[in-house]
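Protein chains: 2
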Amino acid sequence: MELLDDAIEAILDRWPVAALATAGDRGPHAVPVVFARAAGALWSPIDGKPKRDGELARIRHIRRDPRVSLLFSHYEADWTRLWWLRADGEAEIRRAPTEGCGAEEAAALAALRRKYPQYEHVALLGPDALLVRIAVTAQRSWCASEEGSAALLAYLSPGAVRDL
Amino acid sequence: MELLDDAIEAILDRWPVAALATAGDRGPHAVPVVFARAAGALWSPIDGKPKRDGELARIRHIRRDPRVSLLFSHYEADWTRLWWLRADGEAEIRRAPTEGCGAEEAAALAALRRKYPQYEHVALLGPDALLVRIAVTAQRSWCASEEGSAALLAYLSPGAVRDL
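Chains L and R, in that order, are what the protein sequence lines are. Just so it is clear: in the first sequence, position 60 is 60 by the numbering used here, and no numbers are missing. Just so it is clear: in the second sequence, position 120 is 284 by the numbering used here, and no numbers are missing.
To be clear, the hints were calculated from the coordinates, so they are not data collected in a lab. A few of these clues could be false.
Claimed, not checked - Facing chain R, from chain L, some residues (calculated, C-beta under 7 Å): (1) A23; (2) P28; (3) P32; (4) T98; (5) Q139; (6) S141; (7) S145.
Bear in mind the structure is a predicted one, so any value in this text is a computation, not a measurement. Don't be surprised by glycine CBs; every beta carbon is placed ideally from N, CA and C.
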């Protein structure tokens, strides 16, 4: 069965991690990402630290083919509690905002800082930081039971104490 | 840094879930899968229950383009413990074994039953069951710290009591 609509909204607002699938040089490519919802899209930061192989693969892929898929999912030994949500979308690469410019990008960074207290200690942005902006165009979900969807919703309710 | 080799082997043998990315009709497509290692490959079962939209998307995609990517990953609030492993490979669709035929497929089913006690209560195979066989051709891994890689290895050691 599908996830409850409220559960889908809660995942997009508050689930901490997703698998980002892009069209790679030699087939599909997947990597875990953090993300936040802001200004009508999902945003995932690229910290701008120099990478071993130059530009990150996901950036190169998106510049060539903007179609991406984000998978949010939960596994546990009790298979009646399994669920997943897939959001397909169009991605674009944005520069991190500079002072006074980039209202959407600034909203995205603020949302990332609100969502992830880790950014109090981890640098969110280096000098060449980028943001992946994903406009969701289609969604599909599944959960093993109504109880699983309801439990997820309780878990993700604002104010719930949680540590994935 | 990369994961320790032993940690990579432990993930492929004992981690319970992966995101399977395939080349979809409208871009990359990702879905969570269970899997087991047997006969030199990774195997993921398709239970054979009738699907709402006919043949599962992942099966249709693989028949057209066998290139896939499997992402194994771990998230927690302590970002020094993050890790991921990506295994790129070539997939093919195999029929579940019939009596006396399909030694590789039989080994795959035995490995799935050993790995997932859930299959004592959940049907592993329906009448039209299929197996996705993935021959891994490339691997890439990352972990945030040596301690994270060592902790993962301890967590996945045979005999460790664990519930993801």
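Results for each hint:
1. A23: This interface hint holds because 6 Å falls under the 7 Å limit.
2. P28: Because about 4 Å separates L/P28 from the closest Cβ in chain R, which is inside the 7 Å limit, the hint holds.
3. P32: holds (4 Å)
4. T98: The hint is violated - L/T98 has no Cβ within 7 Å of chain R, the shortest such distance being about 26 Å.
5. Q139: Result: violated, 13 Å to nearest chain R Cβ.
6. S141: violated (11 Å)
7. S145: violated (13 Å)
The earlier numbered hints that this structure contradicts are 4, 5, 6 and 7.
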